Amino acid sequence: METVPKAPVVIAEKALHTLVCELQSAGYRVIGPTLRDQAIIYDEIDSVADLPQGWTDEQQPGSYRVAKRPDMALFGYTVGPHSWKKFLHPPRLRLWQASRTGNEVSFSHDETPSQKYAFLGVRSCELHAIAIQDQVFLQAGHEDVGYRQRRDDSFIIALNCSEAGGTCFCASMKTGPQATNSFDLALTELLSEDRHEFLVEIGSQAGADLMHGIASREASAGDLETAEKLLAQTAANMGRHLDTQGLKERLQENPEHRRWDEVAARCLSCSNCTLVCPTCFCTSVEDTADLAGDTAERWRRWDSCFNGEFSYIHGGSVRSSTKSRYRQWLTHKLAHWVDQFGSSGCVGCGRCISWCPTGIDITEEAAAIGSAASPPEDAS
Amino acid sequence: MKDLTELLRQHPFTAGLDDEIINLIAGCASNVVFQANDYIFREGGNAEHFHLIRHGTVALEMKAPGREALSFLTIKDGDMLGSNWLVPPYRWSFDARAVELTRAVAFEATCLRTKCDADHHVGYEMMKRFVPPLLERLQIARFQGADIYSA
Amino acid sequence: MNTPLDPMMPRFLPLQRRIRETADVLSLVAEPLEGEEMPTFLPGQFNMLYAFGVGEVPISISGDPQERGHLVHTIRDVGAVSHALLQLKRNEPLGIRGPFGKPWPLDQARGADILLIAGGIGLAPLRPVIYHLLAQRESYGRIALLYGARNPADLLYHKELERWRRVPDFQVRVTVDHAGREWLGDVGVVTRLLPKIRLDPADTVVMLCGPEIMIRFSTLALLDMGMSTKQLYVSMERNMKCAIGSCGHCQFGPHFICKDGPVFRYDRVEALLKQDEI
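Protein chains in written order, with the numbering used here: chain C, -15 to 364; chain B, 3 to 153; chain U, 1067 to 1344.
Fair warning: there could be bad hints in the mix.
To be verified - Examples of chain U residues toward chain C, derived with CB under 8 Å: (1) D1072; (2) F1118; (3) V1120; (4) E1122; (5) G1145; (6) D1220; (7) G1311; (8) Q1317; (9) G1319; (10) E1343.
Stated by the list, open to error - What the simulated footprint calls covered on chain C by chain U, stretch by stretch (three residues with Cβ under 8 Å from a Cβ of chain U suffice, anywhere in the stretch; the number is not a length): (11) 46 to 58; (12) 77 to 88; (13) 283 to 296; (14) 300 to 310; (15) 341 to 351.
Claimed, not checked - Computed spacing ranges between beta-carbons, pair by pair: (16) G46/C <-> R1156/U: 42 to 48 Å; (17) K1262/U <-> S32/B: 25 to 31 Å; (18) D5/B <-> D1235/U: 34 to 40 Å; (19) E22/B <-> K1262/U: 27 to 33 Å; (20) G47/B <-> R1247/U: 57 to 63 Å; (21) K1262/U <-> G47/B: 28 to 34 Å; (22) S304/C <-> L136/B: 43 to 49 Å; (23) D20/B <-> I1085/U: 56 to 62 Å; (24) H1224/U <-> L275/C: 39 to 45 Å; (25) A1089/U <-> T342/C: 44 to 50 Å.
To be clear, the hints were calculated from the coordinates, so they are not data collected in a lab. These numbers were taken from a predicted model, which means no experiment stands behind them. For glycine and all other residues, C-beta sits at the position ideal for the given N, C-alpha and C.
Please work from the sequences and hints to get the whole structure.
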């Protein structure tokens, strides 16, 4: 997205409602945070009323709880079990259907029109996660056509985080808390006893066009300063920290570190971390046929390096131990990713920490295996 | 016909070995020729000789009822054949069959053992030459046992 | 119908011929559709072969890269998909996506001696190299093939092996793990054949394809001969689903076997091959 230089504006809380309506009339399905089953998830919202106003979340390793806030903040929480990848990179997707008559095979494309999504409340870490998945699915020569369509059609309203969660470490990964690029609009919630407004930064022509229909005023120096302070405070209050200096090399050089065995003793190989991770992209392909064998379909579904069959080659799984699977995940995420796609695969969102049933903390494991202070490889 | 010590000197087995030792062991050696399908030794037989192959091919074989003989290693020019003569009970544990016309130098085992016992330097020099092919064959047996091509 | 832009969509080619190679290995020969040309490929590249409704597997192309009239894959019956592929009858459609992957370094190897070391089904991905070397014999130095298999019945391409043996300036040595009396060749492992071939270790490019155990012990023997890891190239195998580097399955350390490989210069994978469960 090209950056459109346009001064930030301030809108009232109520104007957010108008913004959602404008998006809907422009044909977008507006997706935003909403409270369901004791968690804040991402789903289609009809209006601002669907947002979890006055709610927050409390996150620690292996723990996620929603709680009431003392105020009526609309975005007073961090990230939940969902990420935007479920819309851009759907968990199950039919790639094609084919039918066979004699020795002739013909394909039928799915004719369902592409969904235009507007994502409301995309955190900076999540913007980076989307950019990271772009690297995977939009590789030159092998572009994922459907992904390209969904990306091009999406409208992104970013959100600057006013608070950091207990498992957040975007400041360490340099992926937040401030949304700095790749958005159409970016909001900062300005909430105090006597005001509830949003600072709006405009990141694209589409964003600028949308703002034409919204009542706003030019942001004052004071508004900008308030927003800046909020972000500085968020950055200073990260629940977790990860030292990335030399991390890649040390992870790649320590495949036999004792810590892999220790973490494997706690890891259930359940794949929760890969499902909640906003960058994990691995998929499997399933080919199916009807009983007569005349029509066939190809589906793509999320897969996980924690699954046994993930590394199956005739004869067995290459990575049969939990140790090797955890090592694959962590080393890929924090080290090999850099070789493959030019950046870390971790954006510091903390989901894998909160949603691990045994509370394994990626920052703790990475520090134990990859920090300068880690013990040398066993000499035996 | 070439002098035996000359034949020995040309064989890779004696590389780096002093002439003195070559002359000494040549006293236990004789030049032998096997025709195709001759058995050089049979499983269970007394291991009274060992051979340095000069030219030809020898198949090491095992037999099982109802199956044809199974070759598990071929021994060729420059190789050493047979090691059961080294240690009691001096008994061959497989068959060795010449696959084609094969020329070799045969050593009388008792003679060689006596010389090695009498002079441990000679014994050690010989042992240094027996061990590498034994280790190599042990490793080959491991690979074969793992059936690596099936995966 | 058969011009998919989507890299996940196979094209279908009619099966022209099935060639039985061993008890559980067949070569499938597909022909282009009328009026269409066969896609070109480089030796070492692979295709994703699709059995209608059953699934897809990566299979190296084993035919002649110069031969545009048909496309050959040599397949071992090891799983549900390969089994279904091998049931295909003449004129039935064979689904193909590809070709994918990095080829053997034939251009870089021009002028050098070439040593091919193949084990078992690993001769299949090297056969296009042999066709290329024989077609452009004058561009290379001495060439040699060492081929190891479990037993004589498991040797691929019997007749061609016999033909290659008779090619002057092509050193072909075959060894098996076990053999009966009818086998007059070598019994043992491929490294036992190394002392028998003539080449200049300082100016040789080696291409290895076979079980990883064979690759590891062969490379050790080659290094003992004075070669460097940068002269050695290996073809790797892992689970593959997409073949375009986006499904994650074939990762081998930092590499995607499907697009960074399957052929790797040995120094790039040496450390990884020594680790368990990478």
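- Please flag the earlier hints that this structure goes against, numbers listed from lowest up. Of the numbered hints given earlier, those the structure breaks are 6, 11, 15, 16, 20, 22, listed in rising order.
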